[in-house]
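The listed protein sequences derive, respectively, from chains A and B. Convert by adding 43 to the 1-based position in the first sequence; the result is the number in my numbering. Residue 390 in my numbering is what sits at position 399 of the second sequence, and the numbering runs on without skipping anything.
Quick caveat, the hints were computed from the structure, so don't treat them as lab data. Be a bit skeptical, because a hint or two may be false.
Taking lysine-lysine and the PhoX-like style, the derived pairs with C-alpha atoms no more than 20 Å apart in a straight line are [claimed, not checked]:
1. B:K360 with A:K140
2. B:K269 with B:K153
3. B:K269 with A:K140
4. A:K202 with B:K254
5. B:K348 with B:K294
6. A:K194 with B:K294
Since the model is a prediction, treat every value here as computed from it, not as a measurement.
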Amino acid sequence: MRYLVPVLCLFLFISLPFAVIAQDNGAQILDVQEVVSDGGITAWLVEDHTVPVISMHFAFKGAGSALEPDEKQGLVQLLSNTMDEGAADLDSQTFQKTLADNSISLSFSGGRDNFGGSLKTLTKNKDLAFDLLSKALIEPRFDNEPLDRMKQSNLSRIKTSLTDPDWIAARLQNDLAFEGHPYARNSGGTLSSLPKITAEDLRSFAKKEFTKDRLIVSVAGDISPEQVKSMLDEIFSDLPEKPEKPSETNDIALKNGNEIAYFGLDVPQSAVRIIYEGIQRDDPDYYAFQVMNQIFGAGGFGSRLMEEVREKKGLTYGIYSSLQRLNHAQLIVIGASTQTKTVDELVSTVDQTIQNMKQNGVTEQELEDAKSYILGSLPLGLTSTGAISATLLSLQEEDLPKDYLDQLRDKIRNITREDVSQIAQRLLTDDDRLVIIVGEEKPASATREITELPNAL
Amino acid sequence: MLKHILATVFLILVFCVPAQAKVFNAQSTMLDNGLEVVVIPNHRAPIVYHMLWYKVGSSQELSGESGSAHFLEHLLFKGTENQEPGEFSRIVRRLGGEDNAFTSYDYTAYHQMIAKEHLRRMMELESDRMRNANAPEKDVLSEREVVLEERRQRTDNNPQAKFFEQLRSYLFPGHPYGKPVIGWMDEVSGLERDQALAFYNEWYTPSNAILVISGDVTLEEILTDIKETYGQVKGDPAPEKTYPVIPDFKNDVRLEASDPQVKERLFAKGYRAPVYTKDKTASLAMSLLDDILGGGPSARLYKAIVIEQKKAVSASFSYNADYRDIGSAWFTAIPTEDTSFKALENAFISEVERLVKNGLDDGELAQSKARLTNAAIYARDSLGGPARIIGGSLATGSTLNDVETWPEQIMAITEEDIIAAAKNYLMPGEANTVTGTLIPATPPLEEAEKLADDAGEKE
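Just need the whole structure built from these sequences, with the hints factored in.
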C-alpha cells in the first residue's frame, strides 16, 4: 500500500529555471486574492475547499546565508534546523511530538538570499498549527541538546557528501563563480565552522533579521480570507517592524570564466558543469532566454542537449541547462555525468551544440514547440495545495504581480526566432565560461587543479 | 461507569472512519481484453495524470538477463511500428505535458501529466506502445550506454548504494529481489534487443496491465475513448508469475564492507517481512510498527538511540511492502564517533525487545493510527499521489477495495497484532536477517604506520 519503493525513473527530474507558464484558453490560471490583516500583514491566497488541508509558505526576503559571518558558515542552515526544536514552554521532544501527533508538517529552510518556512495542516488542527508556528518564530528556545544534535547531523551530512561528485562540483561552482563574494561560502556550513555556532548567534540573527518589512506569505487550501487575516496577526504581529541596520549584499558577475577546473575523486563517473553568466529577470530578453533555453537544454527529452549527448551518443543519463538566479547573481549551468573516458567527448559535444545554436539558430517548429510547452505546462505544477502555495511565494520572492502566470502568455507568444538567436549569441559566449570536472582523470585541457575542497573541512 | 462509556464513545467518534468512507472514491471497470481500468476523479485543475501499469518488473527476468525489464522500459521510448524513436515524448512536450516511466521489482509504469483535452491522444499513443514496440538496433545500442551511465550515477558512484545493493543480495539469496532492478553491470552490458523484446512479448498484454487515470474526468466520460483505444489491443494472457523459494538459512549473515570513498560509518540491519496480500494483519501491523519505531523525530528509535542514548547521529526504520512475494524492513543508523557497531545493534535490539515485552504506552497506538489515517487525507491533496498508490497496490495483488478501506483496516489492528509482528519479524533468531557495517577503507600506508605505532607502544 506504500508506494515509495526503489523505482528507477527514466529521466532525472529536470525543472525549469522558474516554472512560469500558462494555459491557452484565456481563463485565469490561478485566482489569487490579496489579503491584508488588521495588523497590516499581507498574504496571497488561493482558496480551495476540495480537501480539508491548508498549506502555507512564508519567507523573510534578504535574511539568508549571505549575511552570515565567514567563520560561522552554516548559521542560517542551523537556524532552520533548530527553530522547530522547541519554543516557549515546549521543549524539543514535546514540540516535535505535538506536530507528529496532530499530523502537522512544519519546516524552515535557509537559502542564500531568503529564510523561509512552510506549514501544512489538516483544517481541523489549524489553530494548533498556527500557534506552534507562532511560538517557533517568536519564542524559539535553541536548547543545547537539540542544537548539538543538529550540529552532529549536519557534520554527518557534510562527511557523507565529501565523496559525492555532484556535491563537490556544486561546492566548486559557488567557490569559483562567486569568488570573493558571500555567495562563495558554504551555506550548509563546514566541518570547522558549525561547532563554533552558539545559541546566542542563532537568537541574535533571528531577532535582527526576521522583520515584518521583509515578510512575504502565501496560503492555499481550505481556509477563508477572514480566517487568513486573523491567522496572520496571530502568527506574525509580534515581529519587529524593520531591522535597525539593514545588511547589504553586492551584485556579482561570473568569476573565473576562463578556467577549466579539475578536482580528483576516485569514482567511475565524472561530474561535469559548464557555467556561463546568466540573465536578470528585468532584462528585456529574459523571455527570449526562456524559450531559447527550453529548446537548448531545459526541456528534458527532446531538448538539443538531451538529443545530442544522450539520445545520439549515449554519453549520459541526463543533461540539463538551467538558469540559477539569486538576488545578486545569475548563472546558466549545464550539468551532466559521464564515465571517465568520455568526459572530453561530452564537453566537445556540448560545445558543438552551443556553436550550432549560435550559428544556425532554431527552426520554426522548435520555436513553436517550445512556446506551446511553456504555455501549456503551466498548470501541471499546481495540483496540490502545497505546490500552489509554493508557487505563490516564489512569485512574491521575485516581486512579480499576482496575475504573472496570465501575463506570461503574451510575453512568450511574441518571441521570434531572431530573439532566440540573439540571446544565444549574447549569453553563450566563447571566452567567458567556467568548466568544472570532478572525477578520476585530469583532462589535458584543465587549467587548474584543486586538491583541497574550499569551505568544506 | 457512565463516564467510562462516554469516554469510549468519544474515542470511537474521534478515531473511527465511517465504514462507507472511501479514501479516493475511485471508479473501476474491466475491459473484454482483461485490462483493468481505474479512474480517480479530481476536478481541481483541467489536468489528467494518465498511467499504464504492467504487473511485471525485474522479478520475472530470465537468469543472466538482470536489468532487462528496466532496459525494456527505456526502449519503449524508442518508437513503435507507428511511431518514430522519441516521437511520443516530443508530442507530449508539444502539448504542454510531462512524461516518464519507472520500473520496480513487480511492476513497470508509463505515465503522462497533461491538459485533459489531450487525454485521448495519450491513450492512442500508449495503447499503440502496448504491442507494437520496434526500437531500431542503433537506438538500442546507444540506449544501453545510457542505462550503464544511469547505473554508474545511481549505484557505482555511491558507496552507500553499493553497500545496500550487496545487503539485498544477502537478504534474498537466489531470489530476484536480491538483484538490483537496474541489473548487474556485467549483465546489463550484454543485454540485447531481442532479450528485451522477448520479455515485452511475453508480459506486456492487456490482461497483465492496469490503466489508472487521475484528474478532471469521470469513467463515464472517457469509457468510449478507452474502449476505442486500449479496448482494441489483443494479447494472450501473460504467464503465471513464479518466485523461487529462499532456503531457510539458520545462521546470521553479516557483511563487513569498507570503501575508500566512505568518510563515515554506517550500520544496517535488514529483515524479510510480510506482504499485504499474503498476511494482511501482519502487514498492517508492520505499517504501524514502521510509524511507532521509525516515524520521525518523536518515534521510539530516534528518541531512544539518537536523543537519549546518543549512540547514533541518525536512526531510521522502514518497512517496504510494495512487493508481490516478500517484503523487507530495514534499520539504518550512523553511529556517533565513540559508539561501536555492536553497541548500536544492541540498542536497536533492546528497543524491539522492550516493545515485545512491555507493549505500547498509553495512547501510543491511537496516536499512530491517527497519523496513518491522516496521511490518507493528505494523499488526496495531489493528482499523482492517488494514482501511484492505487497502481502500485493493484500491481502487487491488492484490490481497489483494499486501498479504499485502508484506514478502517488500520483502525482494526490491535496492540497484540503489533507485538506479534515485532516478535515474528524483528526478533533475532526468529527471522532471516542480514546485518551490515560500512567503514572507511584505510589506505595501506596508513595501516602500516598504525601497526608500527602499535608495535612501538608494546616495547
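Violating hint indices (sorted, rising) | 2, 3
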